[in-house]
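Since the structure of chain B is provided, determine the placement of chain Z on it from the hints.
Residue numbers (this note's numbering), protein chains in the order written: chain B, 8 to 358; chain Z, 8 to 358.
Among these hints, one or two may not hold up.
[To be verified] Listed next, the stretches of chain B that the computed footprint assigns to chain Z, with coverage defined by at least 3 CB atoms under 8 Å from CB atoms of chain Z:
| hint | segment |
| --- | --- |
| 1 | 36–50 |
| 2 | 58–65 |
| 3 | 76–86 |
| 4 | 241–250 |
It is worth saying that the hints were derived from the structure and are not from the lab. None of these values were measured; they are calculated from a predicted model. Don't be surprised by glycine CBs; every beta carbon is placed ideally from N, CA and C.
2 protein chains.
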Amino acid sequence: MIPLPTVLSDSTHGIMTHFGMVTVRITDDEGNEGLGYTYTVNAGSKAVACLIEEDIKPILLNADEDCIENLWQKSWWHLHFVGRGGIAAFAIAAVDVALWDLKARSFKTPLWKLMGGNNPKVKAYAGGIDLQMPIDQLLQQTQDNLAKGLKAIKMKVGREKLSEDIDRVRAVRELIGDDITFMVDANMIWPVDVAIQAARKMADYNIHWLEEPTNPDDITGYARIQREGGVPIAAGENFHNLEEFRHLISAEGVTFVEPDVATCGGITPWLKIARLAESYNLQVTSHGVHDLNLQLLAAIPNGSLLEIHGFGLERFLKNPITFVDGYTTASERPGHGVELDFELLAQYQTK
Amino acid sequence: MIPLPTVLSDSTHGIMTHFGMVTVRITDDEGNEGLGYTYTVNAGSKAVACLIEEDIKPILLNADEDCIENLWQKSWWHLHFVGRGGIAAFAIAAVDVALWDLKARSFKTPLWKLMGGNNPKVKAYAGGIDLQMPIDQLLQQTQDNLAKGLKAIKMKVGREKLSEDIDRVRAVRELIGDDITFMVDANMIWPVDVAIQAARKMADYNIHWLEEPTNPDDITGYARIQREGGVPIAAGENFHNLEEFRHLISAEGVTFVEPDVATCGGITPWLKIARLAESYNLQVTSHGVHDLNLQLLAAIPNGSLLEIHGFGLERFLKNPITFVDGYTTASERPGHGVELDFELLAQYQTK
Chain B
8 MIPLPTVLSD
18 STHGIMTHFG
28 MVTVRITDDE
38 GNEGLGYTYT
48 VNAGSKAVAC
58 LIEEDIKPIL
68 LNADEDCIEN
78 LWQKSWWHLH
88 FVGRGGIAAF
98 AIAAVDVALW
108 DLKARSFKTP
118 LWKLMGGNNP
128 KVKAYAGGID
138 LQMPIDQLLQ
148 QTQDNLAKGL
158 KAIKMKVGRE
168 KLSEDIDRVR
178 AVRELIGDDI
188 TFMVDANMIW
198 PVDVAIQAAR
208 KMADYNIHWL
218 EEPTNPDDIT
228 GYARIQREGG
238 VPIAAGENFH
248 NLEEFRHLIS
258 AEGVTFVEPD
268 VATCGGITPW
278 LKIARLAESY
288 NLQVTSHGVH
298 DLNLQLLAAI
308 PNGSLLEIHG
318 FGLERFLKNP
328 ITFVDGYTTA
338 SERPGHGVEL
348 DFELLAQYQT
358 K
Chain Z
8 MIPLPTVLSD
18 STHGIMTHFG
28 MVTVRITDDE
38 GNEGLGYTYT
48 VNAGSKAVAC
58 LIEEDIKPIL
68 LNADEDCIEN
78 LWQKSWWHLH
88 FVGRGGIAAF
98 AIAAVDVALW
108 DLKARSFKTP
118 LWKLMGGNNP
128 KVKAYAGGID
138 LQMPIDQLLQ
148 QTQDNLAKGL
158 KAIKMKVGRE
168 KLSEDIDRVR
178 AVRELIGDDI
188 TFMVDANMIW
198 PVDVAIQAAR
208 KMADYNIHWL
218 EEPTNPDDIT
228 GYARIQREGG
238 VPIAAGENFH
248 NLEEFRHLIS
258 AEGVTFVEPD
268 VATCGGITPW
278 LKIARLAESY
288 NLQVTSHGVH
298 DLNLQLLAAI
308 PNGSLLEIHG
318 FGLERFLKNP
328 ITFVDGYTTA
338 SERPGHGVEL
348 DFELLAQYQT
358 K
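Just chain B, with the same shape it has in the complex (with noise of 0.2 Å):
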């Protein structure tokens, strides 16, 4: 379990001061290493750690690294009978990353161009994980954030009151101006009635998108919400298979959909989400591992914005993204080009 930079908070997950890391490292027989990674908010990480050691490993010993769809499924349905989501499909996406980032190395190419190669500059926007905030620091955050030179930013709403909700959309809308794009996000708190309130009094703020806001089991309710709030909806974090993100795009329930590829299995189905939506004519967003998540976006013709992601993990990492004019840009070095710095995250290591 490692430390958040501060402690953050969001309506369903409350007060957060740690975060989960699984990291895999996988070598070939040349000695090419790939690095994956998935990480964990409340709970399961060591269930991860154990499904990988336990029951992914085998399959991979000895396998070819080359033939990672092959890999990939032979995971999936090994798994199937306790996954189709879930845990399994945290493993299998630290699994997957790890390959895909081995073969881009062995290749010596990065990632984003292996998969594609669309455009290296994404457009990045600041994840507020602040809904316990207080209004003056939630406006001062906004302000580093601006100063950071993002373009784009997204604060956290779910409040007991939905008036203090607006309270703090209008102010932060005050501060930012017109030109700034802006994102409210309600982690599935809403009953989809107070959902549809919410987005027609949000919608006078011009907002971006609303993400999450009811629990994303409700496929109809999502259509509902966007609908009749008439403010585009962003989700997909929750979902851990490639026919949950089917299911609620055909529904209409989406406009921006949010894969992460540490929780949804991994590349391989991230880049199925990304092709799905495109077939929609639908943008994709991210969630964490915002170092990953550049790479995919910078390789498909339909990215929206990058989140850059409030659990710090910049700390630990030998070359942490950065901003110009609202923009990051995917590296050219090799794999996904994210290095962790071991000897740091060792205190933090867990058996």
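Coordinates of chain Z only, in the frame set by chain B:
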């Protein structure tokens, strides 16, 4: 990992020689005990145990064991980011079954009466896991099952050629005559078009249901198979939350709703799924752990057949269920009435 009494085979899980089992015992201040368990196929048992130990146990210690719904919700949402199903649903199920058993035992009432109490007599069927069994052995198994007093049987389908399946189905129907209830189970193997063809051909043999004809993530596919194939569909063993059932049921993709209490999150969601099915005028059948499912089918008014599962858990039970004229009867013992022989199980324990 517990060895199976005989090697089993189906179209998706391949050759199975062992299963995993995770048990939970919960004790209250007065010394009452509740027993819960779940099981795994191919993978995941250690991760399930790890999740219970690391992430659910702290929620339970010193909590009020009377508030099971509250503990269920706390566990579900604590695990939500890595959950919404998968291993989290297995882990929560084992705990939830233990809590309901504890409650019923402290009231000295059988679980099926505590749950409402409809009818202790439940019609049972033998669930053969026999895809690779030669046809003479398949017929022998069928005769053995009828000799045990069962009046309903199920066999696996999904062999390499559909014509082989049809030959086997015909042979079994010819053996059992018209009065035995007869189901088939494809374990998700077919594409939708093959499933529709198969259903149409099998309809000639008066098939009570066709189970899991295709990937359960394909909701619209299920609806098509049921509508165009003309055979009632059973599904649900791979669903791990209430809303997955809602989506399939509301899409008219299923007739026999089949939650597995050990893998759908426990008794708490199982009952909600049963009520949802009732509201759609559908019957509920079972999967796995028949000693537990018997209690639940005896509680509700819309219970269908109880699957007698082929994992051979009866070797480790003090009171395995028996059949008279096709029916089995829920016991009057307090709780679910299942007593595991932990001394006998100890030889298979892993750490």
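These are the hints, each one checked on the structure:
| no. | hint | result |
| --- | --- | --- |
| 1 | 36–50 | holds (count 4) |
| 2 | 58–65 | holds (count 3) |
| 3 | 76–86 | holds (count 3) |
| 4 | 241–250 | holds (count 5) |
The structure agrees with every numbered hint stated previously.
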